[in-house]
Amino acid sequence: MIRLENLSKIFNEDTPNETLALRYISLDIKEGDFITIIGSNGAGKTTLFNIISGTYPPTEGRVFIDGQDVTRHPEYKRARYIGRIFQDPLLGTASNMTLEDNMMICYKKGFKGLRISLNHKMKEFFREQLDQLDMDLDNRMKDNVVLLSGGQRQALTLLMMAISKPKLILLDEHTAALDPKNAQIVLALTTHFIREYRFTTMMITHNMSQAIKYGTRLLMMDKGEIILDVEGEEKKDLTVDKLVKKFHEIRKRTFETDEVLLSGRT
Amino acid sequence: MVVKDGLIRANRSIRAAFVQQRAQIIGTGQDLYMIEGILVEGLIYGIMVLGVFITFRILNFPDLTVDGSFPLGAAIMATLITRGYNLWFALLVATAGGLVSGIVTALIHNKLKVPSLLAGILTMTMLYSINIRALGNRANLPLLKQDTILTRITTMTEGLMRDEFAILIFFVLVVLVIVGLFVLFFHTDLGLTLGALGNNEQMVITQGVNPEILKMIGVGIANALVAISGAFIAQYQGFADVSLGQGIIISGLASVMIGEFMIKSNRISLLALRALSGSILFKGIMYAGRYYGYYINMTPNDLKLITGLLIILSLVTTKINRIKMKKWIKS
Ligand SMILES: Nc1ncnc2c1ncn2[C@@H]1O[C@H](COP(=O)(O)OP(=O)(O)OP(=O)(O)O)[C@@H](O)[C@H]1O
Ligand SMILES: [Mg+2]
Numbered sequence: 256m257i258r259l260e261n262l263s264k265i266f267n268e269d270t271p272n273e274t275l276a277l278r279y280i281s282l283d284i285k286e287g288d289f290i291t292i293i294g295s296n297g298a299g300k301t302t303l304f305n306i307i308s309g310t311y312p313p314t315e316g317r318v319f320i321d322g323q324d325v326t327r328h329p330e331y332k333r334a335r336y337i338g339r340i341f342q343d344p345l346l347g348t349a350s351n352m353t354l355e356d357n358m359m360i361c362y363k364k365g366f367k368g369l370r371i372s373l374n375h376k377m378k379e380f381f382r383e384q385l386d387q388l389d390m391d392l393d394n395r396m397k398d399n400v401v402l403l404s405g406g407q408r409q410a411l412t413l414l415m416m417a418i419s420k421p422k423l424i425l426l427d428e429h430t431a432a433l434d435p436k437n438a439q440i441v442l443a444l445t446t447h448f449i450r451e452y453r454f455t456t457m458m459i460t461h462n463m464s465q466a467i468k469y470g471t472r473l474l475m476m477d478k479g480e481i482i483l484d485v486e487g488e489e490k491k492d493l494t495v496d497k498l499v500k501k502f503h504e505i506r507k508r509t510f511e512t513d514e515v516l517l518s519g520r521t
Numbered sequence: 016m017v018v019k020d021g022l023i024r025a026n027r028s029i030r031a032a033f034v035q036q037r038a039q040i041i042g043t044g045q046d047l048y049m050i051e052g053i054l055v056e057g058l059i060y061g062i063m064v065l066g067v068f069i070t071f072r073i074l075n076f077p078d079l080t081v082d083g084s085f086p087l088g089a090a091i092m093a094t095l096i097t098r099g100y101n102l103w104f105a106l107l108v109a110t111a112g113g114l115v116s117g118i119v120t121a122l123i124h125n126k127l128k129v130p131s132l133l134a135g136i137l138t139m140t141m142l143y144s145i146n147i148r149a150l151g152n153r154a155n156l157p158l159l160k161q162d163t164i165l166t167r168i169t170t171m172t173e174g175l176m177r178d179e180f181a182i183l184i185f186f187v188l189v190v191l192v193i194v195g196l197f198v199l200f201f202h203t204d205l206g207l208t209l210g211a212l213g214n215n216e217q218m219v220i221t222q223g224v225n226p227e228i229l230k231m232i233g234v235g236i237a238n239a240l241v242a243i244s245g246a247f248i249a250q251y252q253g254f255a256d257v258s259l260g261q262g263i264i265i266s267g268l269a270s271v272m273i274g275e276f277m278i279k280s281n282r283i284s285l286l287a288l289r290a291l292s293g294s295i296l297f298k299g300i301m302y303a304g305r306y307y308g309y310y311i312n313m314t315p316n317d318l319k320l321i322t323g324l325l326i327i328l329s330l331v332t333t334k335i336n337r338i339k340m341k342k343w344i345k346s
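These protein sequence lines map, in sequence, to chains A and B.
Mind the numbering: the first sequence is residues 256 to 521 in my numbering, read in order.
Mind the numbering: the second sequence is residues 16 to 346 in my numbering, read in order.
It cannot be assumed that every hint is accurate.
With beta-carbon atoms standing in for the labels, derived distance ranges [what the hints assert, rightly or not]:
| hint | chain 1 | residue 1 | chain 2 | residue 2 | range |
| --- | --- | --- | --- | --- | --- |
| 1 | B | T97 | A | G368 | 49 to 55 angstroms |
| 2 | B | L133 | A | R327 | 27 to 33 angstroms |
| 3 | B | Y309 | A | S404 | 35 to 41 angstroms |
| 4 | A | F366 | B | L196 | 19 to 25 angstroms |
| 5 | A | D484 | B | N281 | 32 to 38 angstroms |
| 6 | A | R327 | B | W103 | 45 to 51 angstroms |
Calculated lysine-lysine pairs in the DSBU-like style (CA-CA distance at most 35 angstroms, straight line) [to be verified]:
| hint | chain 1 | residue 1 | chain 2 | residue 2 |
| --- | --- | --- | --- | --- |
| 7 | B | K279 | A | K364 |
| 8 | A | K501 | B | K279 |
| 9 | A | K436 | B | K334 |
| 10 | B | K339 | A | K363 |
| 11 | A | K490 | A | K332 |
| 12 | A | K422 | A | K497 |
| 13 | A | K285 | A | K478 |
| 14 | B | K334 | B | K279 |
| 15 | A | K422 | B | K279 |
| 16 | A | K378 | B | K279 |
| 17 | A | K468 | A | K490 |
| 18 | A | K420 | B | K126 |
| 19 | A | K364 | B | K339 |
| 20 | A | K332 | B | K128 |
| 21 | A | K376 | A | K422 |
| 22 | A | K397 | B | K279 |
| 23 | A | K332 | B | K126 |
| 24 | A | K422 | B | K126 |
| 25 | A | K332 | A | K468 |
| 26 | A | K468 | A | K436 |
| 27 | B | K128 | A | K478 |
| 28 | A | K500 | A | K490 |
| 29 | A | K397 | B | K334 |
| 30 | A | K397 | A | K332 |
| 31 | B | K160 | A | K397 |
| 32 | A | K478 | A | K491 |
| 33 | A | K436 | B | K128 |
| 34 | A | K397 | A | K285 |
| 35 | A | K478 | A | K397 |
| 36 | A | K363 | B | K128 |
| 37 | A | K420 | B | K128 |
| 38 | A | K364 | A | K285 |
| 39 | B | K279 | A | K376 |
| 40 | A | K397 | A | K363 |
Rather than coming from a laboratory, the hints here were simulated on the basis of the structure.
Glycine included, each C-beta is placed from N, C-alpha and C at the ideal position.
Make a model of the complete structure from these sequences and hints.
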């Protein structure tokens, strides 16, 4: 469904600050894949998401969605079939607008016209949807989003994204800014929606056991490369220890030693 | 010595006469005219304030085009009136002029990636020349003895009510219609998305909407409102002048901020009313400064200083409130 071909990204090319953030990444994402991605800081995970969503173009390589080359399509155009949630809960919602206004804006992707769609029926629908979150938000629809907690905001963003039914979901450490309890709740909601709507998903996480527990496929990235790609039975058999060992095996062969990586981050 | 004494005495008596005259005006029903004046001007400028509110508050796109699009509206209106065009057609063209200026500012910002402030200053500066051309290569165009929308209104209501009152009623109606459309617009899907743009541009992009187009629409509409306001001011004052726009943006901003003192809400209808009442109150303060400032040795030249101080005062108060709020949340 989504194919990445030889993607590379160089920041600040030809300056002293030149960074090679991605090196020749190729990847086939199949419909229904739930991919978890782990990797050290600066491995290039967010850069990969930015290139898939079109925040900026790759230095080399191409991105295909359903066979169509979208490498040069602007971000807002691709956003019509990509749902993205960031680490910062503030990025998913408009603070100074009400819950119902926010939900209306996210109800359907694409350019909005002069229709007034937020009517009684729509509000009732939103209320039912909010009820699923179990956060007592269904009677706060006229409150501005700024009054919600980070966890509530992220859950709302998740719900709004689910309602808009994107083809691909990109989650970039979307629970990392939340306290453990809220992180758990949002993660549970995430898997609930993914299962219910069979979303094709890529989820970046810093938590190895999470990456193992969830998803159907696991990618490990390091220094701009995908160094491990497991799925199926092989993925089910993974444990944190096996993963660390695998990383060391690969790294000893290909990379210099870097003890800080991964080990401390379970 | 004697001469100097005499001068001082003369000065005093002039001053006394002035104060007495003021007191008489106030005592004899002239204050009614003054209140009408404040209301009418507050309403006309209020249309501009709605535009400033859109850019500064809803879009978070500080736009200085206003200083150029306000006199543009006035210039187009005045020129088309003197050339005998249909008055409503003239108003439409003036509005379109404002719309285009706003779109140009948004385009400069979008395509050249310059900050909105710079984009606005560029358009505003270019508009200065364009406005002089629109006025027929002069700085000022009087509308004396011309048929304007306002003279039509007063002719229509002749014998029914005083002209001043008729004009007040007319502007109440005009502003009601504009506020109605304004509120309706911000309830549409497009209007809601514009609101989100000022809050969170990333969210708008994530929803598959091109923020560049939204900015063109938003800044365009804002300056269209500003130009309508300019077109009416030209008719109300009886002339159009390139310098009409000088400092308009600051008085608009001051009005927005004064309004924010009065009403706290997240409902767009109240926000619109708030901008309007801010505009009327601001005009009131300016009138007071002009007519009573004399007592504290103020001259009309000090009004810009007062306006600036008003804005600073609003900024300081908001800041103090925010700090108080934070303390309150912490405790
Ligand atoms: N806009 C940018 N300009 C310059 N360098 C950048 C930019 N974005 C990322 N980089 C660099 O590219 C590399 C990859 O960064 P990226 O954000 O993709 O890492 P990441 O895997 O998401 O890390 P983290 O786990 O810390 O989020 C880093 O070295 C980073 O400093
Ligand atoms: Mg990252």
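**Message:** Please verify whether A/K501 and B/K279 have alpha carbons no more than 35 angstroms apart.
**Reply:** 59 angstroms, violated
**Request:** Please work out if A/K397 and A/K363 have their alpha carbons no farther apart than 35 angstroms.
**Result:** 20 angstroms, holds
**Prompt:** Holds or violated: B/K128 with A/K478, Cα cutoff 35 angstroms?
**Reply:** 32 angstroms, holds
**Message:** For a C-alpha distance cap of 35 angstroms, please report whether A/K436 and B/K334 respect it.
**Reply:** 34 angstroms, holds
**Prompt:** Is the straight-line distance between the alpha-carbon of A/K500 and that of A/K490 35 angstroms or less?
**Reply:** 14 angstroms, holds
**Restraint status (C-alpha distance of A/K378 to B/K279 at most 35 angstroms)** = 24 angstroms, holds
**Request:** Decide if the proposed pair is consistent with the structure: A/K468 and A/K490, CA atoms, cutoff 35 angstroms inclusive.
**Result:** 9 angstroms, holds
**Asked** Between A/K478 and A/K397, is the straight-line Cα distance small enough, at 35 angstroms or below?
**Response** Given pair A/K478, A/K397 is violated - Cα atoms ~46 angstroms apart, limit 35 angstroms.
**Item:** Restraint check for A/K422 with B/K279, where alpha carbons must lie at most 35 angstroms apart
**Value:** 41 angstroms, violated
**Prompt:** Could one say that the CB atoms of B/L133 and A/R327 fall in the range 27 to 33 angstroms?
**Reply:** 28 angstroms, holds
**Restraint status (C-alpha distance of B/K279 to A/K376 at most 35 angstroms)** = 29 angstroms, holds
**Asked** Within a Cα-Cα threshold of 35 angstroms, do A/K478 and A/K491 meet the stated pairing?
**Response** Judged against 35 angstroms, a Cα distance of about 26 angstroms means the pair holds.
In the structure shown, a violation is registered for the earlier hints numbered 1, 3, 5, 8, 10, 15, 19, 31, 33, 34, 35, in ascending order.
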